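2 protein chains.
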Amino acid sequence: MKNNVIVGQSGGPTAVINASLYGVVSEALKRAGDCGTVYGMVNGIEGFLNGQVMEMKPLEESGDLELIRTTPGSYLGSCRFKLPEDLEDEVYPKLFERFEEYGIGYFFYIGGNDSMDTVSKLSRYAQKTESEIRFIGVPKTIDNDLVHTDHTPGFGSAAKYVASTVREVAIDASVYDNKKSVTIVEIMGRHAGWLTAASVLVRKFEGDNPVLIYLPETAFDTEKFLEDVKSALETTPNLVVCISEGINDGKGTFVCELESSVGVDNFGHKMLTGSGKYLENLVKARLGVKVRSIELNVCQRCSSSMLSATDIEEAAAAGAYGVKAALEGETGKMIAFSRKAGDGYAIEYTTEDVNQICNEEKTVPLEWITKNGSDIGQEFIDYARPLIQGQVDVPSEDGLPKFAYRR
Amino acid sequence: MKNNVIVGQSGGPTAVINASLYGVVSEALKRAGDCGTVYGMVNGIEGFLNGQVMEMKPLEESGDLELIRTTPGSYLGSCRFKLPEDLEDEVYPKLFERFEEYGIGYFFYIGGNDSMDTVSKLSRYAQKTESEIRFIGVPKTIDNDLVHTDHTPGFGSAAKYVASTVREVAIDASVYDNKKSVTIVEIMGRHAGWLTAASVLVRKFEGDNPVLIYLPETAFDTEKFLEDVKSALETTPNLVVCISEGINDGKGTFVCELESSVGVDNFGHKMLTGSGKYLENLVKARLGVKVRSIELNVCQRCSSSMLSATDIEEAAAAGAYGVKAALEGETGKMIAFSRKAGDGYAIEYTTEDVNQICNEEKTVPLEWITKNGSDIGQEFIDYARPLIQGQVDVPSEDGLPKFAYRR
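Chains as they are written, first to last, in the UniProt record's numbering: chain B, 1 to 407; chain Y, 1 to 407.
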């Protein structure tokens with residue numbers, strides 16, 4: 001069989017998706033006897049279709065591969081390209097002709113749900129056509145919403161970024177502690193509240209900020225929210241509230257959509273504001289208290305400033321394990337994490353059927369959400385705390401983090 | 001004369017205002033022969049008036065003082081309290097009675113423009129009443145807008161945070177590099193563009209992001225802006241634009257005010273959106289290109305994740321130098337930085353008349369702003385680059401930065 005390797009990245013960036021790329025590439029280069037040339041597809045499967053392919057070995061020689069490990073974002077570029085459901089579509093033979101052309105024996109795709117869908121379809125097409133190419137998915141997503149794995153690479157660093165940012169926001173909010181104020185922090189997560197839940201990790205004592213935390217998993221009631229805020233302000237004058245961007249009424253309407261139906265800007269467009277902005281206006285109007293909302297920016301998904309050592313090591317190891325699994329004959333699988341029972345934190349790498357993963361979504365268990373949907377329980381803290389451990393030294397240059405750039 | 005020491009913090013928080021507090025307190029404790037008890041005023045001069053005073057020596061014994069050095073925000077809390085212009089006002093004798101009560105000989109106030117106004121008034125009142133208390137201001141502000149000093153503590157770390165965040169935003173924007181997009185980053189700075197200008201520090205080559213940078217120092221013309229964006233998109237498909245929150249038409253109208261006169265939310269309030277949101281809507285309507293705006297949150301003024309070693313060391317040294325100056329008899333002065341001539345970067349600490357500082361504002365020199373107000377020149381880069389140098393290890397605990405808390 002052919003034994004060249006190709007690896008791609010897909011979906012949104014994370015802080016450690018490049019660590020998984022590093023893991024795949026360095027392991028494949030290490031196993032030069034089993035693996036032939038190692039290629040990267042630029043801009044995922046879409047770029048590959050357009051012939052955007054690069055060789056990866058020169059990066060090891062230039063030292064860039066080591067730099068890639070701590071560089072956030074997708075070094076190879078990304079795409080959002082869904083392969084057709086119909087395996088009879090003409091794109092499949094086209095892709096497999098290209099694989100043939102490059103002598104590909106092993107295909108690795110690093111990404112979330114949609115990327116696993118790509119791995120699923122390609123592996124099924126391979127089975128159908130009796131192709132020997134092996135297809136392996138390496139998980140990444142800050143959303144932590146993939147099933148059949150304890151957690152996903154990217155979540156730990158994003159959680160650490162969110163937690164430390166919320167702490168700094170709380171510090172900022174507390175300097176005038178003689179004046180009551182509400183700060184609403186909106187955190188990424190449309191359907192799953194894992195990342196928002198991570199804000200609980202900064203709480204040092206009962207009643208410490210963030211006092212209120214709302215996830216999309218439970219129905220959000222604006223009147224109850226106002227009651228919660230009013231009551232919390234009595235004991236915490238500088239209140240910090242964390243919400244998922246996807247909080248909703250439980251019947252399919254996002255809180256941010258309540259607003260967008262009303263405001264129109266001077267270009268005649270609907271004003272699309274987030275859930276945080278909506279609640280800011282609500283608190284101002286109804287409680288008359290000083291209030292601001294903060295939307296954490298894209299750095300929550302791709303900042304290197306709060307890398308979790310645990311996360312980056314697992315991300316790299318997942319990539320390397322993918323190569324091992326493929327060489328051992330596995331295909332149509334996603335690399336997964338299984339947490340070992342016992343006191344300390346330890347995980348085991350496994351492979352799971354990618355077809356069972358790609359169209360499912362794992363949300364925060366309802367029993368981990370407490371106080372009628374306004375807080376997070378100890379189970380989550382025990383689950384998430386190990387994932388944010390350890391600091392990572394990011395190389396720097398001229399006073400700023402030094403990253404790898406594709407030339 | 002009395003020789004007890006009191007120190008306070010005022011105005012908005014920064015990443016290193018506590019390093020200056022550390023500098024004042026540790027120097028005063030070190031000079032126990034000259035200085036008596038070292039007090040901190042909680043919530044600035046306003047809290048002091050209400051009797052909120054704490055002893056600082058126990059913090060050295062508990063190890064908290066060392067922790068304070070790398071803790072962002074105002075450990076002692078802050079206030080925004082302007083002393084009356086009229087030195088005959090009854091608040092002055094009240095304050096000086098309190099100073100008497102605590103045996104204060106040396107007063108240190110760490111803050112920006114308004115805090116220097118407090119130092120100015122107190123020192124003038126002292127002169128008028130022949131009080132021997134010495135009043136010293138220690139500068140801090142991310143805005144870098146104080147006159148008679150090369151720069152201010154707090155700016156270097158904020159500049160480093162802004163620059164590295166803009167780089168990560170640019171990385172995030174570039175992963176789908178086959179699609180054109182505009183990302184507008186709004187950075188703090190109402191009247192002075194120093195912090196926004198710092199975004200230029202991430203540019204690695206001519207034409208690298210951020211390609212366009214707009215400061216409040218020059219008049220902002222929306223039509224020219226659209227032309228700039230259109231033309232930049234031709235060579236940079238994933239364009240990043242940085243703007244100061246205070247960009248204005250040069251006649252006193254902020255760009256963000258253009259918007260607020262139009263939108264009304266469903267509570268009947270004006271929609272107050274920032275300049276970034278306004279320009280996002282403008283680009284969408286007029287250029288029809290994918291666009292998003294990002295408002296850097298409060299962490300740009302108080303994150304410890306991107307501390308500049310140069311900044312934190314200078315902030316601590318400024319505090320210590322303040323104690324030295326006061327012991328040598330100076331009063332009514334602010335500690336200032338003078339950059340030494342020559343190749344390498346070195347500064348000298350000096351004292352400047354606080355009365356000359358408190359009502360002035362230093363903006364970015366117009367000759368440092370290039371390309372008709374859309375870019376920043378080499379002079380700024382040479383000026384700012386040394387201020388962001390060096391990484392700082394922040395202690396951590398349980399996977400998150402460990403900060404000092406006032407109990």
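None of these hints come from the bench; they were simulated from the model. Since the structure is predicted, the reported quantities are computational estimates derived from the model, not experimental observations. It is possible that some hints are incorrect.
Same chains, same names: a pair is fine if it fits in one copy or spans any two.
Claimed, not checked - Derived lysine to any residue pairs resembling SDA-like cross-links, with alpha carbons at most 25 angstroms apart:
#1 Lys290 with Gly63
#2 Lys402 with Asp177
#3 Lys179 with Glu46
#4 Lys324 with His191
#5 Lys180 with Gln127
#6 Lys230 with Gly342
#7 Lys179 with Leu49
#8 Lys179 with Tyr92
#9 Lys324 with Glu55
#10 Lys290 with Glu46
#11 Lys402 with Glu90
#12 Lys290 with Gly33
#13 Lys94 with Pro386
The hints, checked one at a time:
For the homomeric pair lysine 290 and glycine 63, neither the shortest alpha-carbon distance inside one copy (51 angstroms) nor that between copies (35 angstroms) is at most 25 angstroms. Only between protomers do lysine 402 and aspartate 177 lie at most 25 angstroms apart by alpha-carbon distance; the minimum there is 21 angstroms, versus 39 angstroms within a single protomer. In the homo-oligomer, the alpha carbons of lysine 179 and glutamate 46 lie at most 25 angstroms apart only across protomers (12 angstroms), although the nearest pairing inside one protomer, at 54 angstroms, exceeds that limit. In this assembly of identical chains, the alpha carbons of lysine 324 and histidine 191 never lie at most 25 angstroms apart, being 33 angstroms within a copy and 58 angstroms across copies at closest.
Taking the shortest Cα distances, lysine 180 and glutamine 127 never come within 25 angstroms of each other, neither inside one copy (63 angstroms) nor across copies (37 angstroms). Taking identical chains as interchangeable, the C-alpha atoms of lysine 230 and glycine 342 are never at most 25 angstroms apart, the minima being 42 angstroms within one chain and 59 angstroms between chains. With identical chains, the CA atoms of lysine 179 and leucine 49 are at most 25 angstroms apart between copies only, with a shortest distance of 16 angstroms across copies and 59 angstroms within one. For the identical chains of this complex, lysine 179 and tyrosine 92 are inter-copy neighbours only, at 24 angstroms across copies versus 63 angstroms inside a copy, given an alpha-carbon limit of 25 angstroms.
In this assembly of identical chains, lysine 324 and glutamate 55 lie within 25 angstroms of each other by CA distance solely inside one copy; the values are 20 angstroms within and 61 angstroms between copies. In the homo-oligomer, the alpha carbons of lysine 290 and glutamate 46 lie at most 25 angstroms apart only across protomers (19 angstroms), although the nearest pairing inside one protomer, at 48 angstroms, exceeds that limit. Taking the shortest Cα distances, lysine 402 and glutamate 90 never come within 25 angstroms of each other, neither inside one copy (42 angstroms) nor across copies (56 angstroms). Taking CA atoms no more than 25 angstroms apart as the test, lysine 290 paired with glycine 33 passes in neither setting, with 65 angstroms inside one copy and 46 angstroms between copies.
In the homo-oligomer, the alpha carbons of lysine 94 and proline 386 never lie at most 25 angstroms apart, since the shortest distance is 44 angstroms inside one protomer and 53 angstroms across protomers.
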